[in-house]
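Engineer: Protein chains in written order, with numbering that gives the first Met the number 0: chain X, 0 to 246; chain G, 0 to 266.
Don't take every hint at face value.
Looking from chain G toward chain X, a few residues come up when the C-beta cut is under 7 Å (computed) [as the list claims (entries may be wrong)]:
#: 1; residue: 4
#: 2; residue: 11
#: 3; residue: 14
#: 4; residue: 46
#: 5; residue: 49
#: 6; residue: 50
#: 7; residue: 83
#: 8; residue: 87
#: 9; residue: 92
#: 10; residue: 250
#: 11; residue: 252
#: 12; residue: 253
#: 13; residue: 255
#: 14; residue: 257
#: 15; residue: 258
Between beta-carbon pairs, the in silico distance windows are [unchecked claim]:
#: 16; chain 1: X; residue 1: 135; chain 2: G; residue 2: 167; range: 23 to 31 Å
#: 17; chain 1: G; residue 1: 133; chain 2: X; residue 2: 68; range: 50 to 58 Å
#: 18; chain 1: X; residue 1: 59; chain 2: G; residue 2: 197; range: 50 to 58 Å
#: 19; chain 1: X; residue 1: 17; chain 2: G; residue 2: 186; range: 36 to 44 Å
#: 20; chain 1: G; residue 1: 32; chain 2: X; residue 2: 129; range: 25 to 33 Å
#: 21; chain 1: G; residue 1: 110; chain 2: X; residue 2: 131; range: 22 to 30 Å
#: 22; chain 1: G; residue 1: 246; chain 2: X; residue 2: 17; range: 19 to 27 Å
#: 23; chain 1: X; residue 1: 150; chain 2: G; residue 2: 110; range: 30 to 38 Å
#: 24; chain 1: G; residue 1: 246; chain 2: X; residue 2: 66; range: 18 to 26 Å
#: 25; chain 1: X; residue 1: 135; chain 2: G; residue 2: 228; range: 30 to 38 Å
#: 26; chain 1: X; residue 1: 73; chain 2: G; residue 2: 167; range: 29 to 37 Å
#: 27; chain 1: X; residue 1: 107; chain 2: G; residue 2: 181; range: 48 to 56 Å
It is worth saying that the hints were derived from the structure and are not from the lab. As the structure is a prediction and not an experimental result, all values here were calculated from the model. Beta carbons are placed, not taken as given, at the ideal position from N, Cα and C, and that holds for glycine.
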Amino acid sequence: MSQVLSVIDLCKSYGATVAVDGVSFEVRSNEIVGLLGPNGAGKTTTISMILGVLQPTSGSIRIAGVDLAAQRSAALEYTNFAAVYAPLPGNLTVQQNLRIFGLLYGVKHLSQRIEELLQQFNLEGFRHAKCGVLSSGEQTRVCLAKAMLNRPQLLLLDEPTASLDPAKAVDIRRLIVDFAARSTGGVLWTSHNMYEVQEVCHRVLFLSRGRILLEGDPKSLPREHGMASLEELFIAVAREPLALERM
Amino acid sequence: MALHRIAAVVLRQFYLLRGSPARILPLFAWVAIDMVLWGFISKYLNSVASAGFNFVPMLLGAVLLWDFMVRVMQGVTLAFFEDVWTRNFLNIFATPLSIPEYVSGLVISSIATSSVGLVVMILLATLVFGLSFFIYGAMLVPFLSVLFLLGIALGILGSAIVLRLGPAAEWFIWPIPALLSPFAGVFYPLSTLPHWMRFIARLLPASYVFEGMRAVIARRELSASPLLFGAGLAVLYLLLVSWVFGRVFRHAVRTGLIARYTAETAG
Chain X
0 MSQVLSVIDL CKSYGATVAV DGVSFEVRSN EIVGLLGPNG AGKTTTISMI LGVLQPTSGS
60 IRIAGVDLAA QRSAALEYTN FAAVYAPLPG NLTVQQNLRI FGLLYGVKHL SQRIEELLQQ
120 FNLEGFRHAK CGVLSSGEQT RVCLAKAMLN RPQLLLLDEP TASLDPAKAV DIRRLIVDFA
180 ARSTGGVLWT SHNMYEVQEV CHRVLFLSRG RILLEGDPKS LPREHGMASL EELFIAVARE
240 PLALERM
Chain G
0 MALHRIAAVV LRQFYLLRGS PARILPLFAW VAIDMVLWGF ISKYLNSVAS AGFNFVPMLL
60 GAVLLWDFMV RVMQGVTLAF FEDVWTRNFL NIFATPLSIP EYVSGLVISS IATSSVGLVV
120 MILLATLVFG LSFFIYGAML VPFLSVLFLL GIALGILGSA IVLRLGPAAE WFIWPIPALL
180 SPFAGVFYPL STLPHWMRFI ARLLPASYVF EGMRAVIARR ELSASPLLFG AGLAVLYLLL
240 VSWVFGRVFR HAVRTGLIAR YTAETAG
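So that you can see chain X by itself, here it is in the shape it has in the complex:
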């Protein structure tokens, strides 16, 4: 499996405050990697740096082999993202938003691709609806459709199912798992839903205080650390990271 993301010794400081402290990891094609950790652990900071909207203090990021710092546009052509805190402009329709972002990502045969995604994400009935009038679940689906537009090598998902009902969340998870399995892309996924993470992620990274504390298979990792479940392990990371660091 080839690497779609390589993060080496990534650091981000704001003055004396260290938000991300020497993080290194990779995501390979066909792989879904969960980036987990309590609020303020550095997950969104890490994702922002990979998206090129936040400059690292040090370290390097390569997306599909392209260095982000040296070739920003070329590297970002291989990626896309969906995040609960980044809804698409509410004053444009679903189709207009997809067309604009399709052009920004240089998608070939854009009209055809938009039709595929409208169908795939069950958005055909909303194509002429302004995104601002959609329910939060529908907006999430539009964001995910946007994230899939360019068939990214690296798909970044920051709590993609946070505002979906369980039935819709299952469908979306299936689509993302399918994307990772059938395309050459990989997925970096953050979520606070440990059930979901255990179901979809091949590997997880536990982040605490800006550092990777644990890494491994979400199914076996809890047992390896004497915990009954991934949720229990998450709580332990959030409450007593130092104890786990010594393990």
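Given chain X, work out where chain G should sit, using these hints.
Structural biologist: Showing chain G alone in chain X's frame:
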């Protein structure tokens, strides 16, 4: 630069305009009101002033040129504000879109929107108030060009200020044309101004346009060098503010302001 990405920025503006009378109306409504107001003022002054002097090209022509520059500036800033109002920075700046492409898209959007205002102003000024553009002759082209460059430069500067200081700084941007107009000598010769104001006026490309316009109307000999100097200043300012916008963007990426723009400060 990738044309498809510039097209995306322009297309977004087209979609917004197409679906919104609240955006279409201001493209021509305010400039039309200005034309009507200053058209009647000019006609009235013609009726009370000594015969033989025509205020229409002097006042109405000046308002038309000034309003054109303001529309060009607002064309850039309004297109930029659409991203501010919809909190869209994270989405667009996480794409391969580069800053030169983004700014080019804003400028092309402004050319389209300011052209609408210009056409409406020309129609009203000529058809209703009898303004003849023949009086300016071929000089109209350099006059409009210098004001266009200055309008673009001011628009990019305004966008950089809002990007740096946050959404509330929008209110610094709207009064910029009103702040500059006394120095630009839109309605009076620069010799009317006190020395310190004349010094500032000489730094404004627009002042060379309006001095030139008055010289043309008065059929005085127009030296090309002041207007060329004004054009050079406009180009210089355009390059300078483009550099400033790039710096502000890099600052926003370094501090994380792009990712949390509504917080207005990265500190």
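Engineer: A separate judgement is required for each hint: does it hold in the structure or not?
Structural biologist: These are the hints, each one checked on the structure:
1. 4: 5 Å, holds
2. 11: Interface hint status for residue 11 (chain G): holds (5 Å vs cutoff 7 Å).
3. 14: Residue 14 (chain G) check passes; min Cβ-Cβ to chain X is 5 Å, inside 7 Å.
4. 46: Violated, because the Cβ-Cβ distance from residue 46 (chain G) to chain X comes to roughly 48 Å (cut-off 7 Å).
5. 49: 54 Å, violated
6. 50: 55 Å, violated
7. 83: 11 Å, violated
8. 87: With a minimum Cβ separation of about 5 Å from chain X (threshold 7 Å), the hint on residue 87 (chain G) holds.
9. 92: 5 Å, holds
10. 250: 10 Å, violated
11. 252: Result: holds, 5 Å to nearest chain X Cβ.
12. 253: Result: holds, 5 Å to nearest chain X Cβ.
13. 255: 5 Å, holds
14. 257: 5 Å, holds
15. 258: OK, holds: residue 258 (chain G) within 7 Å of chain X, min 5 Å.
16. X:135 <-> G:167: 23 to 31 Å: 27 Å, holds
17. G:133 <-> X:68: 50 to 58 Å: Because 57 Å falls inside the window, the suggested range holds.
18. X:59 <-> G:197: 50 to 58 Å: With a Cβ separation near 54 Å, residue 59 (chain X) and residue 197 (chain G) satisfy 50 to 58 Å, so the hint holds.
19. X:17 <-> G:186: 36 to 44 Å: 58 Å, violated
20. G:32 <-> X:129: 25 to 33 Å: Hint holds: Cβ distance 31 Å, inside 25 to 33 Å.
21. G:110 <-> X:131: 22 to 30 Å: For residue 110 (chain G) and residue 131 (chain X) the Cβ distance comes to about 28 Å; the hint holds.
22. G:246 <-> X:17: 19 to 27 Å: Hint holds: Cβ distance 26 Å, inside 19 to 27 Å.
23. X:150 <-> G:110: 30 to 38 Å: 34 Å, holds
24. G:246 <-> X:66: 18 to 26 Å: 22 Å, holds
25. X:135 <-> G:228: 30 to 38 Å: Hint violated: Cβ distance 57 Å, outside 30 to 38 Å.
26. X:73 <-> G:167: 29 to 37 Å: 36 Å, holds
27. X:107 <-> G:181: 48 to 56 Å: 53 Å, holds
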